[in-house]
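Given chain A's structure and the hints, the job is docking chain B onto it.
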Amino acid sequence: MLRPLPNSQWGFASAAHLLNRAGFGGHPKEIHRLAALGLESAVDQLVHYDRHPDLTPAPEWTKPDSDRAKELRQFRDATPEERKELQKVRRRTEREQMTELRHWWLNRMVSSPHPLQEKLTLFWHGHFATSVQKVKDAYLMWKQNDLFRRQGAGEWLALLTEVAKDPAMLVWLDQGQSRKENPNENFAREVMELFTLGEGHYTERDVTEAARAFTGWAYERNDQSFVVRPRWHDSGTKTILGQSGNWAGDDVLKLVVSQPTAPAFITNRLWHFFVGNSPSDELGKALATEFIRHKQEIRPWLRTVFLSEEFYSTTVMRQQVKSPVFWVVNSARVLQRELPPAEATNNLLRLMGQELFAPPNVKGWDGGLAWITTNNLLTRYNSAEYLVSGENPLNYAANRSKKGPNQPRRLPLAGAVRLDSWLEEEDWVDPEHLLRTLEIRLFQTPLREKQRANVREYLASRTPLDTTDILHAIRLLMSTPDFQLT
Amino acid sequence: MNNSLSLKTRREFLQGSLLAGSLSWTIPAFLSRTITTLHADPAAATMGRNILVLVQLAGGNDGLNTVVPFTNDHYYKARPNLGIRAPQVLKLNDEVGLHPALTGLKDLHASGQLAVWQGVGYPNPNRSHFRSTEIWQTASASEINEKHGWLGRYFDHACAGAEPTVGVSVGRQSPQSFAGPKPLGVSLEQPETYRFADTDPAQGNMASGESFYRHLNRPDMLDSGGEQNTGGTVGAVAGAFATQQSPLDFLERTALDAQVSSDRIRALNKSSLNRVPYPVSALSNQLKLVARLIGGGLPTRVFYVSQGGYDTHTNQSGSHDRLLGELGSAIKAFNEDIKAQGNLDRVMLMTFSEFGRRVKQNANGGTDHGAAAPLFMVGSKLRQGVHGMAPDLAPDNLKNGDLKFTTDFRSLYAGVIEQWLGAESKSILKWSGPAARIT
Chain A
104 MLRPLPNSQW GFASAAHLLN RAGFGGHPKE IHRLAALGLE SAVDQLVHYD RHPDLTPAPE
164 WTKPDSDRAK ELRQFRDATP EERKELQKVR RRTEREQMTE LRHWWLNRMV SSPHPLQEKL
224 TLFWHGHFAT SVQKVKDAYL MWKQNDLFRR QGAGEWLALL TEVAKDPAML VWLDQGQSRK
284 ENPNENFARE VMELFTLGEG HYTERDVTEA ARAFTGWAYE RNDQSFVVRP RWHDSGTKTI
344 LGQSGNWAGD DVLKLVVSQP TAPAFITNRL WHFFVGNSPS DELGKALATE FIRHKQEIRP
404 WLRTVFLSEE FYSTTVMRQQ VKSPVFWVVN SARVLQRELP PAEATNNLLR LMGQELFAPP
464 NVKGWDGGLA WITTNNLLTR YNSAEYLVSG ENPLNYAANR SKKGPNQPRR LPLAGAVRLD
524 SWLEEEDWVD PEHLLRTLEI RLFQTPLREK QRANVREYLA SRTPLDTTDI LHAIRLLMST
584 PDFQLT
Chain B
4 MNNSLSLKTR REFLQGSLLA GSLSWTIPAF LSRTITTLHA DPAAATMGRN ILVLVQLAGG
64 NDGLNTVVPF TNDHYYKARP NLGIRAPQVL KLNDEVGLHP ALTGLKDLHA SGQLAVWQGV
124 GYPNPNRSHF RSTEIWQTAS ASEINEKHGW LGRYFDHACA GAEPTVGVSV GRQSPQSFAG
184 PKPLGVSLEQ PETYRFADTD PAQGNMASGE SFYRHLNRPD MLDSGGEQNT GGTVGAVAGA
244 FATQQSPLDF LERTALDAQV SSDRIRALNK SSLNRVPYPV SALSNQLKLV ARLIGGGLPT
304 RVFYVSQGGY DTHTNQSGSH DRLLGELGSA IKAFNEDIKA QGNLDRVMLM TFSEFGRRVK
364 QNANGGTDHG AAAPLFMVGS KLRQGVHGMA PDLAPDNLKN GDLKFTTDFR SLYAGVIEQW
424 LGAESKSILK WSGPAARIT
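Line by line, the protein sequences are chains A and B. Per the numbering used here, residue 104 is the first one in the first sequence, and the count goes up by one each step. Per the numbering used here, residue 4 is the first one in the second sequence, and the count goes up by one each step.
Bound conformation, chain A alone (with noise of 0.2 angstroms):
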C-alpha cells in the first residue's frame, strides 16, 4: 500500500517536485502558486486536466488527404523520372510538416494548461515508440499523437487497443500488411515483449499465434485508416497464452492484458518514467494493486502515486536525469524564455540525443543515465548557451548528412533570456541575492557548497555586472552535472 504524504511535508519543494515529474517545472511564482494550493488540490489539478478544454489548435494539414487515392495511382502511373519527382515532392512536404509538428508539441509542452497531458503523451509516445522515419506521413503521426492526448490518462486496454488501430502504428510495425498465407510476426511480438508483458512472460508460440490472430487488421492507404479485411483474417483456432478459441485481434489484448503480470509491467513503467527508479518488490506489488483497484485506468492510479508519500522520498526527488525534451521544455519554463525557432530546437534535441516522432528503435529512448555519455553532456553544455544568449557558441552542428562532417549549420539567433523580465533589482546590485535568486529559479533548492563558492567567485571577478555577466553565470549554473538532475 502507498502510504499518503502527511500535509506537513508538503512545501515549495515537494510542490516543485510535483510540478517538475507531473509536468515540465516552472519558475518560481508557479511553484509557490501550486505550494499555496494545498497537496491534494494541487495534485487534482494538474491530474484531473479534463475538467478544463485545451483549445489549442491543431496544425492546420492535420486531416486525411483527400487527394491520396488520386496521388496514388498517378505515382503508380508515373515514370521512373517523374517518380522522383513526386517522391522528392513528398519528402519536403512531410520533412516541413513534421518540423511544424514537433514545434507545436513542444510548445504545448512549453505553455500548455494540461501538463500532465503533454507528459503522458510524452510518455505514451516512447512505450509505443513509432518513428516517422518509416511511417514517412505527417498526418498519421499527428493522429497517433493526438490519440494519446486524448487517451493518455484512460483505461489502459481502451488505449491498447485503439494503438493497435492506429494507422501508423500498423505501418510502423507492418501489421498493415499481414495476411493469413504469411502472417508478420512483428506487432504481436513487441505487443506481448514491450507493450503489456515483457521479455519471458510469453512463448515463441504465442507470438506466431497471435499474429495469426491479428491478421486482417489492415492499413487503406487510400484514406489513411484502420481497415478490417476479412479475406487477409485467419480464422482457424489459436492456442495463446493457454487459451484456445477463434481468437481475432481484439481477443488477443484482452488475453495480454489480463494476464496476471500485466498490470505490474505497466505500472513499472509508469512509475519509471515519473519517479526515476524501479521500484522494489514490494514496492511493485502495491503499485499493480492499486491499478487493478482503479480498474487499470491511468488517472486515479496516477494521482495516488503524486499523493504518495514513496513519490517524495529522498531517494526520488532531483535524482532523475532530464531527458533532452525535459531540459529543453523546462529550461524555456525556468528562464521565461520562447523555444528558439522550430528546426534550431529540433537540432537541439536531435544532437541531445531525443528527436521526437523519431525514437532510435522500437524499444524507444533508454533514459536515465543513458541520456548521458560524454559527447551528449558537452551537447548540452553548449545548447545552454544557447538557450541563454540565443547565439550558438559552436558555428558547427553534428552532422546528420552523409555528405560529412564539418558541414557548418549556423543555428539562428534565438534571442536571449529577458532578464529584466524577472529579475529583481537587488539582484543587479547583490551578488549575494543573485545568487540565490537564480539558484531557487534554476535548481529549485540550494546548490552545493562548493558550487556557490565558484559562482560566487565567478561574480565577484565581474562586478559590477552586467546583462552579458548575468547571462554567462546562468550558462555556467546550466553546464553543471547538478542541472542535469530533476
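Please keep in mind that the hints were generated in silico from the structure rather than gathered at the bench. Yeah, the Cβ is synthetic: ideal placement off N, Cα and C, and Gly gets one too. Some hints could be false.
As the list claims (entries may be wrong) - In silico DSSO-like pairs for lysine-lysine, Cα to Cα no more than 30 angstroms straight-line:
#1 LYS553(A) to LYS132(A)
#2 LYS283(A) to LYS363(B)
#3 LYS402(B) to LYS466(A)
#4 LYS407(B) to LYS466(A)
#5 LYS80(B) to LYS283(A)
#6 LYS363(B) to LYS273(B)
Said to hold, decoys possible - Listing some non-contacts, in silico: residues in chain A with all C-beta distances to chain B over 10 angstroms:
#7 LEU105
#8 ALA139
#9 PRO167
#10 ARG179
#11 ARG252
#12 TRP259
#13 ALA261
#14 GLU307
#15 SER361
#16 ARG402
#17 THR540
#18 PRO567
As the list claims (entries may be wrong) - The following residues of chain A were derived to be distant from chain B, with all beta-carbon distances above 10 angstroms:
#19 ARG136
#20 GLY141
#21 HIS151
#22 ARG154
#23 ARG176
#24 ARG194
#25 ARG282
#26 ALA351
#27 ASN479
#28 ASN557
Frame of chain A; chain B shown alone:
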C-alpha cells in the same frame, strides 16, 4: 584558486586545478599516470598495442544473403525471389561467396586480410532485437541477465589506470558493451563539437568562463581537504569512484571524462589527417574519424562504430544491397588509410549483428528475425579465410525455421581478448568454452 582559474592548457588544468588541494588517493588512476607521462609522445603510450574496431550491424543482418551458399538448393528453394544467383556471387570458395555489393571485402579477401566466421550464434537464440543485442553486448548466456558489457569488463580487468579514451564509441550513445562497474570509455560524434565552447574568454586579470566550467565540473571528491601535492607522481588507486553510483556521481565522472578526453581529442584531431579518399556514407564518416584518432595516437584499445537499417522485413533487396555496399567500401577505405599510416598490423576490425534472419523469405519481399549468421574480421595479422562450419539449410535441420549455430560468439570474443588484446578471457567473459584461433 584565482591563480589556477587563469590557467587554460590541459597540462595546467591537470596540475593546477586537479592536483592542487587534492588528496592523492582520490584521484582517478588515469590522471596520475597522465601527469607522469605528460611530456611523452602521445603515441608512445600506445606504441605497439593492438586495437580492436567493432562494427555493429544493427537490426539483424541477413547472413544468408551476405555470405551466400550458392550451391545449396535449399537456399534457392527457401528464397525464390530473394536468393542471390550463383553467377552474381563473389566466390570465396566452392560453396560460399559474398553478396555482389561486397566488392570491398572481396578485395580484402584477395589481399589475405579477410576472415569469415560462419554460423555464429549462441544456444537458445532469442529473436528479440533488444534481448539478442544485449546478449551479444554482454556476452551472457541466453538465460542470464548480465548488466555489464564484455568490453566494459575487459577495461575493468585489464586496463586499470587507463585514460577514459581506452574505449571510444563514435556517436552520441554509449554501447552497452562498454558498460562496466567503473565506467570507462567515451562517446563522441564529431571532434569539432566535442568541447565546452567558451563565449566568455579571459580578459586582463579575469579568468575565463571556461575555467569556471572546469571547476564546476570537478567531482567533489577531488576537492575534499588534504595538503597540497603538486608532485609528479601520486600513488593513485584506481576506482576512487563508487561502484554503486548515484546519478550525480555518474554525471560527475562523465563530466570529468568529457573534459579530459575533449582536450586530448581536439589536440590530435588537428594534426591527424586521412590519407586516402573515403566513400560517402554515415559508416564511412565514422571509420574516417577512427582512422584519424588512431593516426594521432589516441590511447585507445577499442573503437566502436555502428551501421543501422538491417531490419529488413519488407522489400529487402534494394536496401540490403545499399547497406552492404556501404559496409564493404567503408571498411576497404579504412583499411587502406591505416595501412598508409603504418598501423595496419595493429588494427583489427570485427563486425557483429544481433541475429541473422529466417531462412525462408516472407510474403513482403523481406525476411524475419532469425538466429545464427556469419561475421567478418579484417586485419593483416589474422587467420584469413572461411572458418567454422556452414549451418545446415535442410528444412529438417532447422530450428523453428532458423539456422542452428556452429560457432559460439563467445569463443570469438575469447579469441579476440586473448590473442589480440592480450588479456585473460575466462574471468572477463565468465565463459569456460575454448577460444577460437583468430590469429
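For which of the previously enumerated hints does the structure constitute a violation, in increasing order of number?
Going through the list in order, the structure violates hints 6, 14, 25, 27 and 28 and respects the others.
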